[in-house]
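A.B. asks: As you go down the protein sequences, you meet chains A and B in turn. In case it helps, the working numbering puts the first sequence at residues 4 to 142. In case it helps, the working numbering puts the second sequence at residues 96 to 236.
Treat the hints as calculated values from the structure; they're not laboratory data. Hints may be right or wrong, so weigh each one.
Claimed, not checked - Using 20 Å as the maximum straight-line C-alpha spacing, the simulated SDA-like pairs for lysine to any residue come out as follows:
id: 1; chain 1: B; residue 1: 157; chain 2: A; residue 2: 20
id: 2; chain 1: A; residue 1: 65; chain 2: A; residue 2: 53
id: 3; chain 1: B; residue 1: 157; chain 2: A; residue 2: 30
id: 4; chain 1: B; residue 1: 159; chain 2: A; residue 2: 19
id: 5; chain 1: A; residue 1: 60; chain 2: B; residue 2: 182
id: 6; chain 1: B; residue 1: 148; chain 2: B; residue 2: 161
id: 7; chain 1: A; residue 1: 85; chain 2: A; residue 2: 32
id: 8; chain 1: B; residue 1: 148; chain 2: A; residue 2: 80
id: 9; chain 1: B; residue 1: 148; chain 2: A; residue 2: 85
id: 10; chain 1: B; residue 1: 179; chain 2: A; residue 2: 9
Only a predicted model underlies this, so the values are computations on that prediction, with no experimental measurement involved.
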Amino acid sequence: MWIPLSIFRSIIIALMILYLRYDNTQQIMFPIIIKIIVGVLSLAYFTAYYKEHFASKFSNPKYYVYAVVSLFVHILGYHIIKTCPNPAYFKVFAVLQIILLYVATLYITKDYEVSAQSMTGIICGCLAIILISLDKNNK
Amino acid sequence: MSGWIYLSILHSIIVAILILYIKYDNTPYIIFPLVINIIVGALSLVYFILYYKEHFTNEFVKPKYYIYALFVLLVSILAFYIIKVCPNPAYFRVFATLEIILLLIFTIYLKNNFTITIQTIAGVALGCLAIILISLDDSNH
Chain A
4 MWIPLSIFRS IIIALMILYL RYDNTQQIMF PIIIKIIVGV LSLAYFTAYY
54 KEHFASKFSN PKYYVYAVVS LFVHILGYHI IKTCPNPAYF KVFAVLQIIL
104 LYVATLYITK DYEVSAQSMT GIICGCLAII LISLDKNNK
Chain B
96 MSGWIYLSIL HSIIVAILIL YIKYDNTPYI IFPLVINIIV GALSLVYFIL
146 YYKEHFTNEF VKPKYYIYAL FVLLVSILAF YIIKVCPNPA YFRVFATLEI
196 ILLLIFTIYL KNNFTITIQT IAGVALGCLA IILISLDDSN H
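Looking at chain B on its own, in the form it has when it is part of the complex (with noise of 0.2 Å):
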């Protein structure tokens, strides 16, 4: 297995260990988020004055951050707002597995050589099926 895999399964052990911190926290309205966001902000800061500090100038007139960071804060208010007005937030997980259809199908389009093996797309296939199977289960709702 290859570098990326191993990092991958490392990513969702600890995504996992913080939504389940979220889960259980009780800190009041959205206090927690905004907090976290402050502190990596100011942490980010801090690294970037010191690794980056002779790109401050030509980077942060670069309007694609920005841009960036407004999508950041859409696709969040976004997944907020269909959180609270759709049936069961686990509908909205589903579309996890359009993202990585879209995802397949645009590396595709871009790279004219990307080969894509029958073993990886069976793979691919059974991740989006899971998905759908878990998250639609009467019984977890």
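One chain only, chain A, in its complex shape (with noise of 0.2 Å):
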């Protein structure tokens, strides 16, 4: 089941990145406006479910500058899908979270021994982004 479940959220999630490339919502109204109806749903939730954590959390610094870093970012892959030449190439960039999700939790874990069929995800994933990048097509 999980399967065609993948399928169906890999069909949305494109179609949602679409929408937001060809939507013609001024400036940066569009994230912000998602950003403060997803935070009332989220506050809806916690309020039922986790209100007795409320001054303990909301006092924790850790959160806010999380939460500032998280709103950055959020705003930076929307610029970014508005004006790269394709959504599906600011998409491939993934590769290199991966990548870099891979050789930090190495660093952390002291566990250095990467095997043949991981280095070559990596070799390709980093001639992909270079491919990308270096294209004159896509600036």
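Could you use the hints to bring the two separately framed chains together as a complex?
C.D. replies: In structure tokens, the structure reads:
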């Protein structure tokens, strides 16, 4: 069952990114409004199930730092989807995230054994980013 | 290289750091994403009031935002459910390649004059291959 659900989710995500790409809402109003609505829904959920944690969680500065960075990344992603030649190229940069996470996890866990398959994957990922980035057609 | 490429690299680095932070943070249940969504929502509301308050009534009555927000919620719940039921979360990550392929096909279909070079096609194919290779490597499970 998880495979058809994953396919369904991929189709929805692709359509959502395409919608962002061709929507004509001015400036960065679209992601800001979506974040406000999602925030209200989350507040309703938090109040319903975790209200006893309210004071302890909202006095912790780590959430505020993370939230500011998260908002910045969200608006940055929106801007890139709007300005890149094809949103699929931006999505390919997910491979860079995977490589960075892979390398960081190797460093954190002190386990430096990398299999040939993963090494091939990292090389392919680096090549992918170089090829797309250096293509003059993608300016 | 054009601006969107530098921004995509910066975006990837920050997203990777954010994911690593979540990985090693020990907040119980789903409190962390909920608190983050609430704070981000509050910050967005402040930003909207400061810069777009004249649009408040005409934008918030548009159903497109509510429909999109519901889809955001649906895909997050679906992701949570799939990660729980699939044999390995890495298999789920492979479906990012399907998103890339779908986006490429849809954009080529929607923009009739869209041109794509062999170099970029090779880049997209290698990117998909990289995600598949790393995600399906048994030694990473």
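A.B. asks: All hints, please: hold or fail.
C.D. replies: Results for each hint:
Our distance criterion of 20 Å between C-alpha atoms is met by residue 157 (chain B) and residue 20 (chain A), whose separation comes to about 19 Å. Simply put, residue 65 (chain A) and residue 53 (chain A) have alpha-carbon atoms about 18 Å apart, close enough for the 20 Å limit, and the pair holds. Restraint check for residue 157 (chain B) and residue 30 (chain A): satisfied, since their Cα atoms lie roughly 16 Å apart, inside the 20 Å limit. Restraint check: the Cα-Cα separation between residue 159 (chain B) and residue 19 (chain A) comes to about 11 Å, which is no more than 20 Å; the hinted pair holds.
Of the supplied pair hints, the one linking residue 60 (chain A) and residue 182 (chain B) is violated, its CA atoms being roughly 33 Å apart against a limit of 20 Å. With a C-alpha separation of about 19 Å, the suggested pair residue 148 (chain B) and residue 161 (chain B) falls inside the 20 Å cut-off, and the hint holds. Restraint check for residue 85 (chain A) and residue 32 (chain A): satisfied, since their Cα atoms lie roughly 13 Å apart, inside the 20 Å limit. Between residue 148 (chain B) and residue 80 (chain A) the CA atoms are separated by roughly 24 Å; this puts the pair beyond 20 Å, and the hint is violated.
This hinted pair does not check out: residue 148 (chain B) and residue 85 (chain A) have alpha carbons roughly 23 Å apart, beyond 20 Å. Note on residue 179 (chain B) and residue 9 (chain A): the hinted pairing holds, with a Cα-Cα distance of about 12 Å set against a maximum of 20 Å.
Hint check: violations occur at hints 5, 8 and 9; the rest are consistent with the structure.
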